[in-house]
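Join the two chains, each given in its own frame, into one complex according to the hints.
As given, the protein sequences belong to chains A and B, one line each in that order. The first sequence begins at 82 in our numbering and counts up by one. The second sequence begins at 396 in our numbering and counts up by one.
These are calculated hints, taken from the structure and not from any lab test. Even glycine gets a Cβ: it sits at the ideal position worked out from N, Cα and C. Take every hint as true, because none was put in to throw you off.
Now the in silico label distances, taken between C-beta atoms and shown as ranges:
1. B:583 x A:166: 18 to 28 angstroms
2. B:440 x A:224: 46 to 56 angstroms
3. A:323 x B:414: 49 to 59 angstroms
4. A:284 x B:663: 45 to 55 angstroms
5. B:436 x A:266: 49 to 59 angstroms
6. B:442 x A:139: 52 to 62 angstroms
7. B:663 x A:265: 36 to 46 angstroms
8. A:328 x B:415: 34 to 44 angstroms
9. A:235 x B:429: 30 to 40 angstroms
10. A:341 x B:415: 51 to 61 angstroms
11. A:118 x B:583: 28 to 38 angstroms
12. B:427 x A:328: 39 to 49 angstroms
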Amino acid sequence: MEAAVLEQNSRKSAATAAAVELSRVTVRFTTERGSVTALENIDLSVPDGGFLTLLGPSGCGKSTLLRVVSDLIRPTSGSVRILGGEASAARARRDIGFVFQDAALLPWRTALENVALPLEVGGKNSRPGRRTPKELLELVGLSGWENALPHELSGGMRQRVSIARALVNDPRLLLMDEPFGALDEITRDRLNEELLSIWEETGTTILFVTHSIYEAAFLGQKVLLLAARPGRVRETVPVPLPSPRRIEQRESLEFIELAAHLRRVLETC
Amino acid sequence: MSASTIEAAPVPEAFSDDDAAQARFEATRRYLAWRRRLLPVIATAAILIIWELSVHFFDIKPYIAPAPTAVAVKLVEKFGLLMTNLGPTAIEAISGFLLGNIAAVLIATSFVYQRTVEEAFFPVAVMVHTIPVMAYAPILVLLLGNGMSAKIAIAAMICFFPTLVNMTRGLRNVNPQHMELMRILSASPTEIFFKLRFKNSLPYLFSALKIAAATSVIGAIVGEWIGSTTGIGALIIQATYNFDSPLLYATIVVGSCFSAFFFGIISWAERMSLKWNVAETI
Chain A
82 MEAAVLEQNS
92 RKSAATAAAV
102 ELSRVTVRFT
112 TERGSVTALE
122 NIDLSVPDGG
132 FLTLLGPSGC
142 GKSTLLRVVS
152 DLIRPTSGSV
162 RILGGEASAA
172 RARRDIGFVF
182 QDAALLPWRT
192 ALENVALPLE
202 VGGKNSRPGR
212 RTPKELLELV
222 GLSGWENALP
232 HELSGGMRQR
242 VSIARALVND
252 PRLLLMDEPF
262 GALDEITRDR
272 LNEELLSIWE
282 ETGTTILFVT
292 HSIYEAAFLG
302 QKVLLLAARP
312 GRVRETVPVP
322 LPSPRRIEQR
332 ESLEFIELAA
342 HLRRVLETC
Chain B
396 MSASTIEAAP
406 VPEAFSDDDA
416 AQARFEATRR
426 YLAWRRRLLP
436 VIATAAILII
446 WELSVHFFDI
456 KPYIAPAPTA
466 VAVKLVEKFG
476 LLMTNLGPTA
486 IEAISGFLLG
496 NIAAVLIATS
506 FVYQRTVEEA
516 FFPVAVMVHT
526 IPVMAYAPIL
536 VLLLGNGMSA
546 KIAIAAMICF
556 FPTLVNMTRG
566 LRNVNPQHME
576 LMRILSASPT
586 EIFFKLRFKN
596 SLPYLFSALK
606 IAAATSVIGA
616 IVGEWIGSTT
626 GIGALIIQAT
636 YNFDSPLLYA
646 TIVVGSCFSA
656 FFFGIISWAE
666 RMSLKWNVAE
676 TI
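The shape of chain B in the complex, shown without the other chains (with noise of 0.2 angstroms):
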């Protein structure tokens, strides 16, 4: 008996084709995922008809709560000085979901090899971390100026903690099995950390990095808040004072809209990168 003649396993073509079955099977699929697409559009368009509706009815004044058709109309008309104000904000809260997070990367690293840093600065993230956004975003104001760096700033620091908290869970949560695979293969310690650990990080990574897309904005938007004159955040504030309610409820449109389209492409960078990881691509 020679090893040759072990028999192949089942092939892929061990699919039997029933065609009715299978486009039964295609139209009950076809039909969910339009179900799934649809239903949330249908559940929005709802609220924004009661609304509009109830702003009439009850005869609101558009300062105190604008009808949507309103809010439309000054996101055309506005729509220039909107994207001019949409610009900054958005330099800056990328710049800062970068700054955050590659250093929260370096230091979930350095924490990994190095247990001793770990211990003396993990509890010092925490602190910081604690500090409310709207408390410590004067003081880098302050320390950095009004320019754009205050901003990146605050948006890397409110980026920072959870990234920092994830990948350090996923550097370190290797299955011990894969761990001794490689001592068992003499792995080097850079073979190790790029072909075992950050691997493995990386559905951790990219689920601190959706949170941080979003709270990137955040950031951005709340620097905006202490004496800026551009960005989102300058414009929601300038709004709120001149009582142009429609103008400020824009704005608000636009800075979602942008934190959603964010959202979107690390999503879709994550589904492209983790095609193996069943669990977090259903």
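In isolation and in its complexed conformation, chain A is listed as follows (with noise of 0.2 angstroms):
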């Protein structure tokens, strides 16, 4: 019961507090043809239960970024505050979730067992979350196809094999990489609906980085727009779309402005 109550109050303390708070960071790699500059100074800031979209050109750091905020990378140099601490605590508590780009199942597994194996690898750091794997499939729409393996289901249905995954530990965090890129559009449109009911169900925070204009600002609660060479933040631009949203808002007047004005700004990007 104490238990119960101090973890609540340590989520409430959390919560007036940003999930992802970064400063001045910096990331530089060396290469045999001398020293890459691929984040430069970034600022950026995600309110608990957030939705931020990362937009830019190829080559703007976006998917070095996530790598920061996931302790995948160390930055140069500038702090990193992930859920309130630090980057590395927040991973081996399990409260990130990566989905990357092409889904990265483990081909040997079906889908409810890729679904599963955060929870058996780690050691103690793998609790088990609210939702069972297979409940979790459910939650994705796959009900069925637990016993599938990856070469067995498209394209679409591994992402959402690979979503299902990233929220097996209940991440308060929850990080996409380009997840839906290689899809088709109206599967596209259609992950993106059920991306914004499953954060709206599980309040998570996602940071998810796109190069699709219209994905960018029909997801996020804020766009933030960077540049290449070095990366750096361009633009953070506010998404003033009513919520719930439906792919319909696409064709309103604001939502027309609001990627044009995107479009703009990238091209000078």
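This is how it looks when you write it as structure tokens:
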């Protein structure tokens, strides 16, 4: 009982702070052709439960930024605070879920086994979430496909499995690296709507990388525009669309104006 | 809009039934399957018939090239002798296969975790591999004596290199995103090895094992050529020196049947354990 109250308090205190807080983050890689600055002085803050999309041309370091947030890459300088602490601590607590560009399912595991993978590895870190892997497959619309192998699934279905896998530990922060980039437009629109409903249902914070203007504007509460070489923040654009969002809202005047604005800024990136 | 309103994705029942079209499709598939099986059989039969006819037509002496029927007669007549000689060869080939491949897998694992070991020993492995089996076979017989152990060692050495190369590649060629996933999940090195690297290397391992299944038999036979009194290799030498060509051919048939059988078992094991690997199972 006491533990539950304590946990609630800690959740509350974290809620007042930002889920993701980067200040003056710079990442430099050294290669045989010299040093490359992937990210330069990135300042960014996402409130708890927020949805931020990162939009930029290729080479602007969008993916690198997600890897800094998830503790896969150490920044050369600057500070990274994730859920009120170190990124590595958040990762170790399984507070970070990651959805990769091409689903990254293990081909020898069935859909259900892939979703259950986070519960099998990592020893003491792998705490089960509120939903079982089977329930998560249901949540992403794949009940009946539990025993299918990845090669038997379509690209959209594989990405759904990958989202279910990222949610299995109830992460408080979900990082998505162009997850729908390789999908056809109809599937992508549908998954966009589904992702928004999953976001509302789980209350998790989402950081979503994309190179599609429409996807960025439709999904995010805010769109962060990044410029390339070196990757830096160009502009943060709030999205004034009401919630819950429907795909038809993309035909509204305000959406079209927003998209046009994003395109103009993007052209100068 | 709650998450429960998400529509289900298309289910397998989405296929409509058209029985006639389905039957035609099945018939075509059966026809193609039979064709694939029968064509090699017909080709083999044709070669054997041409061979048989030319032996009679050109009046070729049996010790130069026996007719297939003579070989078949010998195969039946000397079946007991052939089988007693296959025994030791099979034991040597299978033991060598196991020994060589297990060693290769273990060393490949050490290569992947200790670059230094690879840098030091991989060139040595390449150098040993460039020595022809005929050249190191006598050395191993001198070292290990005229018993089975020398033949097992030769078979093991001949299996070792392809598996080492393939296994190292398979353990190392892991999808970088899979690696990142494991790191995000704080997976331990043991978990990464068994749940990712090893599984990933299985298609590579099986292609090496299929090569090794045939070459291990060659290794055992070559080992038996050097002063051995039993085994398929010894029988080949004896039959050659006695100008008993039908027996020589019959011995070769038995040896290659065993190789094919061994290869078949490995292929079956591959199909069983790599159902997920579409590229390989087609």
